[in-house]
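A.B. asks: Read top to bottom, the protein sequences are chains A and B. In case it helps, numbering that gives the first Met the number 0 puts the first sequence at residues 0 to 491. In case it helps, numbering that gives the first Met the number 0 puts the second sequence at residues 0 to 491.
Please note that the accuracy of each hint is not assured.
Copies of the same chain look alike in the list, so a pair counts if it works inside one copy or between any two.
Stated by the list, open to error - Okay, derived cross-link-like pairs now, DSSO-like style, lysine-lysine, Cα gap no bigger than 27 Å in a straight line: (1) K113 / K86; (2) K326 / K409; (3) K56 / K46; (4) K320 / K409; (5) K56 / K320; (6) K339 / K56; (7) K320 / K133; (8) K86 / K262; (9) K133 / K348.
Since the hints were derived computationally from the structure, they do not count as laboratory data. All values reported here derive from a predicted model rather than from experimental measurement.
Number of protein chains: 2
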Amino acid sequence: MSKKLTSRTEDYSKWYNELVVKANLAENSAVRGCMVIKPYGYAIWEKMQAELDRMFKETGHENAYFPLFVPKSLFEAEEKNAEGFAKECAVVTHYRLQNDPDNPGKLRVDPNAKLEEELVVRPTSEAIIWNTYKGWIESYRDLPLLINQWANVVRWEMRTRLFLRTAEFLWQEGHTAHATKAEAIQEAELMNDVYATFAQDFMAIPVIKGRKTESERFAGADETYCIEALMQDGKALQAGTSHFLGQNFAKAFDVKFANKEGKQDYVWATSWGVSTRLMGALIMTHSDDLGLVLPPNLAPHQVVIVPIFKNEEQFEAIQDKVNIISKELRAAGVSVKFDKRDTLRPGAKFAQHELQGVPLRLAIGARDLENGTVELARRDTLTKETVDISTLTEKVTGLLKDIQKTLFDKALNYRNSHITEVNSFEEFKEVLETKGGFISAHWDGTIETENKIKELTKATTRCIPDSFKAEEGVCIYSGKPSKTRVLFAKAY
Amino acid sequence: MSKKLTSRTEDYSKWYNELVVKANLAENSAVRGCMVIKPYGYAIWEKMQAELDRMFKETGHENAYFPLFVPKSLFEAEEKNAEGFAKECAVVTHYRLQNDPDNPGKLRVDPNAKLEEELVVRPTSEAIIWNTYKGWIESYRDLPLLINQWANVVRWEMRTRLFLRTAEFLWQEGHTAHATKAEAIQEAELMNDVYATFAQDFMAIPVIKGRKTESERFAGADETYCIEALMQDGKALQAGTSHFLGQNFAKAFDVKFANKEGKQDYVWATSWGVSTRLMGALIMTHSDDLGLVLPPNLAPHQVVIVPIFKNEEQFEAIQDKVNIISKELRAAGVSVKFDKRDTLRPGAKFAQHELQGVPLRLAIGARDLENGTVELARRDTLTKETVDISTLTEKVTGLLKDIQKTLFDKALNYRNSHITEVNSFEEFKEVLETKGGFISAHWDGTIETENKIKELTKATTRCIPDSFKAEEGVCIYSGKPSKTRVLFAKAY
Numbered sequence: 000m001s002k003k004l005t006s007r008t009e010d011y012s013k014w015y016n017e018l019v020v021k022a023n024l025a026e027n028s029a030v031r032g033c034m035v036i037k038p039y040g041y042a043i044w045e046k047m048q049a050e051l052d053r054m055f056k057e058t059g060h061e062n063a064y065f066p067l068f069v070p071k072s073l074f075e076a077e078e079k080n081a082e083g084f085a086k087e088c089a090v091v092t093h094y095r096l097q098n099d100p101d102n103p104g105k106l107r108v109d110p111n112a113k114l115e116e117e118l119v120v121r122p123t124s125e126a127i128i129w130n131t132y133k134g135w136i137e138s139y140r141d142l143p144l145l146i147n148q149w150a151n152v153v154r155w156e157m158r159t160r161l162f163l164r165t166a167e168f169l170w171q172e173g174h175t176a177h178a179t180k181a182e183a184i185q186e187a188e189l190m191n192d193v194y195a196t197f198a199q200d201f202m203a204i205p206v207i208k209g210r211k212t213e214s215e216r217f218a219g220a221d222e223t224y225c226i227e228a229l230m231q232d233g234k235a236l237q238a239g240t241s242h243f244l245g246q247n248f249a250k251a252f253d254v255k256f257a258n259k260e261g262k263q264d265y266v267w268a269t270s271w272g273v274s275t276r277l278m279g280a281l282i283m284t285h286s287d288d289l290g291l292v293l294p295p296n297l298a299p300h301q302v303v304i305v306p307i308f309k310n311e312e313q314f315e316a317i318q319d320k321v322n323i324i325s326k327e328l329r330a331a332g333v334s335v336k337f338d339k340r341d342t343l344r345p346g347a348k349f350a351q352h353e354l355q356g357v358p359l360r361l362a363i364g365a366r367d368l369e370n371g372t373v374e375l376a377r378r379d380t381l382t383k384e385t386v387d388i389s390t391l392t393e394k395v396t397g398l399l400k401d402i403q404k405t406l407f408d409k410a411l412n413y414r415n416s417h418i419t420e421v422n423s424f425e426e427f428k429e430v431l432e433t434k435g436g437f438i439s440a441h442w443d444g445t446i447e448t449e450n451k452i453k454e455l456t457k458a459t460t461r462c463i464p465d466s467f468k469a470e471e472g473v474c475i476y477s478g479k480p481s482k483t484r485v486l487f488a489k490a491y
Numbered sequence: 000m001s002k003k004l005t006s007r008t009e010d011y012s013k014w015y016n017e018l019v020v021k022a023n024l025a026e027n028s029a030v031r032g033c034m035v036i037k038p039y040g041y042a043i044w045e046k047m048q049a050e051l052d053r054m055f056k057e058t059g060h061e062n063a064y065f066p067l068f069v070p071k072s073l074f075e076a077e078e079k080n081a082e083g084f085a086k087e088c089a090v091v092t093h094y095r096l097q098n099d100p101d102n103p104g105k106l107r108v109d110p111n112a113k114l115e116e117e118l119v120v121r122p123t124s125e126a127i128i129w130n131t132y133k134g135w136i137e138s139y140r141d142l143p144l145l146i147n148q149w150a151n152v153v154r155w156e157m158r159t160r161l162f163l164r165t166a167e168f169l170w171q172e173g174h175t176a177h178a179t180k181a182e183a184i185q186e187a188e189l190m191n192d193v194y195a196t197f198a199q200d201f202m203a204i205p206v207i208k209g210r211k212t213e214s215e216r217f218a219g220a221d222e223t224y225c226i227e228a229l230m231q232d233g234k235a236l237q238a239g240t241s242h243f244l245g246q247n248f249a250k251a252f253d254v255k256f257a258n259k260e261g262k263q264d265y266v267w268a269t270s271w272g273v274s275t276r277l278m279g280a281l282i283m284t285h286s287d288d289l290g291l292v293l294p295p296n297l298a299p300h301q302v303v304i305v306p307i308f309k310n311e312e313q314f315e316a317i318q319d320k321v322n323i324i325s326k327e328l329r330a331a332g333v334s335v336k337f338d339k340r341d342t343l344r345p346g347a348k349f350a351q352h353e354l355q356g357v358p359l360r361l362a363i364g365a366r367d368l369e370n371g372t373v374e375l376a377r378r379d380t381l382t383k384e385t386v387d388i389s390t391l392t393e394k395v396t397g398l399l400k401d402i403q404k405t406l407f408d409k410a411l412n413y414r415n416s417h418i419t420e421v422n423s424f425e426e427f428k429e430v431l432e433t434k435g436g437f438i439s440a441h442w443d444g445t446i447e448t449e450n451k452i453k454e455l456t457k458a459t460t461r462c463i464p465d466s467f468k469a470e471e472g473v474c475i476y477s478g479k480p481s482k483t484r485v486l487f488a489k490a491y
């Protein structure tokens, strides 16, 4: 297998697929549309999980676990939600296999083990969770209920891509219940803010916070908040969503509570989630033609140390020095890996760590030992410098902070230079074809116009940014009056 | 709902079920045999996960994630494994629902969306993982492969009980690949040791390490190592297993590697797992008629502080003091919860924290403020004492250590006094009926005798403990020669 990736300008999509596989992040499995997340990719996902989990707990949420399966009768209770997901449902119909009488050594589904009621493999858990909440909520004292779940979900997609769109994916889904509409809306907005902070400060991915148009809302939501990121090829990626569900699920599952005055009312709901799709956003925001580029916050190893030696004696001396260096770096909170494999030459190691996006590479040879120096190479800028060992820890911690900031700034510059305001459909199409990115345009607020624009250009409405003020205008497509601009883009 | 539990002597099984639900650990769901793990129960599971994950990583393992589904043709490849699990498999046969033309508003499985090949919901992942490993292993340089997965699995059980036996459960499954038989056996033994250390040092549950008899082995294993615990009702519980899989899966999935001499050989395998079943072991090892008793290591809150006050002014003064105390306790690594709910009286709070097993309860009232004291109550011994606030942190950290040790010692004493050596089947039956526990007896080594003893007494072989030496004897049932004793017990 060639180590070299297809370049982004040559074929962006091919570059992405090759990078995911060659950097050992994930690969396709024997199950149509399902991926295997490999140890290196999973280690990055674990870092995301740990930080998100900390942020959820800090904002008062607890984790719990609900069943993988949703009985069909519960699944169909909230009609819009059911309608939105019905076409993507994996369905369990039987609970046993038996020896196949026609094919010795093979198994078949036991026709006598048909379930009375089919079970849907959860595509999202509102139904099973609200059916459970019914038993947990009696009065205002039981509210708010602030629960999150880390789980796998299944949505049967016809066209899949590693991390971006897979039949099974990992995610977290928050499901909260509140006594008032205002409180539920506040919660949905808060969690969208949490996602934005996480994306920007932890993943170094700039995002636009906003609300979805009606046609792009989650099935069953009254409002969908979202964070939208921009990939290097000018396409947008929805990185997280938070939904205000009104009383839709409370009504579908008859979840009422006694308020302080003793009156019965339906409970108000939110749900919010991010998934392993974030891995796709991470890759397509920062990486280059040599491979993955990781912000230090997400790197399984922030520093990799490669020894350069000609004989065992040199190796031993280098190893002694590396042990001292590593100990000091770890004490400063830096994660370090000593790559002492004897099966690869230094050059091959360099290439692998470049491909896998390790933020800093430290090379140390016999001459360095004499001089009290190391060679430090930065993955994001591909620059090298010789550093005195006495100042190494300070240097490394400073560089890691700088890399995190540089990556964010670079992505922010790219994103900001790819938001274009247009005032006609001709301009819209031209910008979309030549430059891509987000296009800010007036729109008449109808689904018909959204569909027509999508049909003609493949661009969809991404969100109405929180920062957009009301502004009188004219829809670029229909010429009808518009009260606000909206962001369009081609999207993943 | 009455807060009082059925007592253990009255009905142990009912006591267990009530405790699980009333202490907010878990409850049954709308899906047959599947449970909802509630936030308090899940917080305990998270503590187990964190410690196990740390121990796995310390022994060189990495996490990854493999698909939920196993195509039937892969599932049946390793015959013994397939045969062992076929009767418990949930099977996905369709990938879409549609509106039911006969029932407006309802959905049905779309008959045109039948899968070409059925998908088994993983009951365990050897098949899908070894099919993946085939692509990862070429030479000895790729070995050992030391991977763990945290996941949900489904085994369609007819009789289920919360945590102990559920259709869906959460677990971790380690799957490793090795170049030699000796190394794989060493790995399987190492992980059984890790489980034993975890159970004893972290969960305060004494366990017996040993090997299963052939009939009790994992389907597809050449050897199954296990840890066996003893519950308070004299029944055993298998708390973890580690399997040496020989080359069975490597042969079924054709996974070969080039050894250092360049010769092709099949890879050697292990797998090992513990599950949410450990929650059942935890409950049934330590708890009493008042509810859950938690070892401090597993307690979501090690100390709960309950204010006793008559008016707002008193509450404010107490709260100020509690803030100081909490800060000091947290700085010493103690997890603290201040229960300042105004919807419950102190007595009701005491009962709830007793039911939920909080190791230490600290009550503080107006007189305590004057005296510079607090009342400290210990959940395990139900003893109380008045403690000077100036010595509180030292006292609490000391008590937490003592509780952890006391719980282990108590369980160890019970367990040790319930291992009985017998030399006849009459004696065997009598001990089983009157005393329960583990029974050490000679057995002729045949499955027939195991089955007969099980049929007559419901006792099964639990393991051949590592500590048992070869010993010539006579089978208590058949009278045939025996070379070693084995432990029998009725088991969960």
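A.B. asks: Next, verify each hint and record whether it holds.
C.D. replies: Tested hints:
no.	hint	result
1	K113 / K86	both (22 Å within a copy, 13 Å between copies)
2	K326 / K409	neither (32 Å within a copy, 41 Å between copies)
3	K56 / K46	both (16 Å within a copy, 15 Å between copies)
4	K320 / K409	neither (35 Å within a copy, 49 Å between copies)
5	K56 / K320	between (41 Å within a copy, 25 Å between copies)
6	K339 / K56	between (39 Å within a copy, 19 Å between copies)
7	K320 / K133	neither (62 Å within a copy, 39 Å between copies)
8	K86 / K262	neither (39 Å within a copy, 50 Å between copies)
9	K133 / K348	between (56 Å within a copy, 24 Å between copies)
Checked against the numbered hints given earlier, the structure breaks hints 2, 4, 7, 8 and satisfies all the rest.
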